[in-house]
Amino acid sequence: MKKRQNVTIKGTKEGLVLHLDDSCSYEELKRELDHKLSANARTQDERQLTSVKVEIGNRYLTESQQGELKDLIRQKKNFEVDDIESNVITKEEAGRLLAETEVVTVSRIIRSGQVLEVPGDLLLIGDVNPGGTVIAGGNIFIMGTLKGLAHAGCYGNDQAVIAASSMKPSQLRISDCLNRAPDSIQSNENREMECAYIDDDRQIIVDRLQVLIQLRPNLTRLEGGH
Amino acid sequence: MGEAIVITSGKGGVGKTTTSANIGTSLALQGKKVCLVDTDIGLRNLDVVMGLENRIIYDLVDVVEKRCKIHQALVKDKRFDGLLYLLPAAQTVDKSAVKPEQMKELILELKQDYDYIIIDCPAGIEQGFQNAIAGADKAIVVTTPEASAVRDADRIIGLLEKQPDMESPKLVINRIRNHMVKNGDMLEIDEVTQHLSIELIGIVADDDEVIKASNHGEPIALNPNNKASIAYRNIARRILGESIPLQSLENADKGMFTKLKKFFGVR
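As you go down the protein sequences, you meet chains A and B in turn.
Taken in order, the first sequence gives residues 1 to 226; the numbers are from our numbering.
Taken in order, the second sequence gives residues 1001 to 1267; the numbers are from our numbering.
Treat the hints with care, since some could be wrong.
To be verified - According to the in silico footprint, chain B covers these stretches of chain A (three or more CB under 8 Å from chain B):
| hint | region |
| --- | --- |
| 1 | 106-114 |
| 2 | 117-130 |
Unchecked claim - Simulated pairs of lysine to any residue, SDA-like, Cα-Cα distance not exceeding 25 Å:
| hint | chain 1 | residue 1 | chain 2 | residue 2 |
| --- | --- | --- | --- | --- |
| 3 | B | Lys1032 | B | Ser1096 |
| 4 | B | Lys1162 | A | Leu178 |
| 5 | B | Lys1162 | A | Lys30 |
| 6 | B | Lys1011 | A | Ser170 |
| 7 | A | Lys168 | B | Lys1032 |
Said to hold, decoys possible - Some chain B residues flagged as far from chain A (calculated, every beta-carbon gap over 12 Å):
| hint | residue |
| --- | --- |
| 8 | Glu1003 |
| 9 | Lys1032 |
| 10 | Asn1054 |
| 11 | Ile1057 |
| 12 | Cys1068 |
| 13 | Lys1078 |
| 14 | Gln1130 |
| 15 | Ala1147 |
| 16 | Asp1154 |
| 17 | Leu1160 |
| 18 | Lys1162 |
| 19 | Asp1165 |
| 20 | Asn1178 |
| 21 | Ser1197 |
| 22 | Ile1211 |
Keep in mind that the hints were calculated from the coordinates and are not lab data.
The model shown is predicted, which means the values in this text are computed figures rather than measured ones.
No residue lacks a Cβ here, since even glycine has one placed at the ideal position from N, Cα and C.
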């Protein structure tokens, strides 16, 4: 009787895919992977690395297990593991992902010395006073006046934007870019309904709010509709 | 049971002590039983402004450390018939001599006997500030129309708002120089209130008489004709719940007719 294979290699349009069955034990999987890859090992060093994708179905692998598999695949063949795809994630990871895409609404004034940090998008109903700081993993939308510091996309999201009803920041930060207010500000200048984003030259640009419709279409989360 | 109000500002030199002395005096003039508490331990000066320095026998630290009873340490102001008392700060030790819990206990005890406890807070946000706000039910933040003072006031308001069981603080804008505001060299009142977005309870014009009076140990609020004095009295009345419109900063001596016109809204 032929045993069901736990490791299958498929060639797809995107390249090679290693499919690892999720119903056997991890040790068994490792053994079979080792065996399979060794079986038709051709030690052709000159051949360049081929990237493969590993699909592990409904199996959860810890960081160290993932590393172990990557090393194993790497040793046997000239394979470079591109990505390990699993259908399952831990609760913490799911929670973090959820938090990073969530819009957190806060209604208060961020005063001098206060710091407000959220993992996802921030909708602030109130002002950020000079000396106050708001930090978000995603976008920052301020319904009041921004006079302090705002840092959007703080985990390195270049697509993040900062929008404020009244934009008079002391400093703007998006991802790892930084922009400060000019030393001489015309106080009578109308700075209403503006947004800040990173342009192609990795500069923070402050412009009318409406430009975001073209520049960041992903801000729309509404599905369907007309 | 009385009410404890802390007068604070963050920045030094904006007029916390003067405001404390004058609000206390004005409340006493309204017939309330008032106790002023100076929490600026090591740098006491409320007694000087009140002209009570030479009557001090015991101080706040003596009370807290149970070397005397509260009533022994309280200095009675002779100008008011048993309505105004001062609990002076100690001068020989520093702010770490008292803990917030001890202050809380002390203020609670004073609240049994007085209608209003006015607590004069030291500058800064360290131990002295924590002591001063520990027992307070309400807070008045004093600022001047200067960017630095407003910035510090903002910080202080942020800290006060975190304090449980304290009402939202009220704002006093002190030392307004009208000619400078008009020229645009000083922040406008609206600008300050909008920025800090807390309720404004009074504005006080800058007046040389205030300094003169405090040098004589007589709070300006005792002078019924001075503009700053009226401003402080108005603050006291607002504390008591009256609703009084804000004083105009224009020089008021324009004659009865103009005043009347203004009253009826004729320009």
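What hint numbers does the structure not satisfy? 3, 4, 5, 7, 15, 16, 17, 18 and 21
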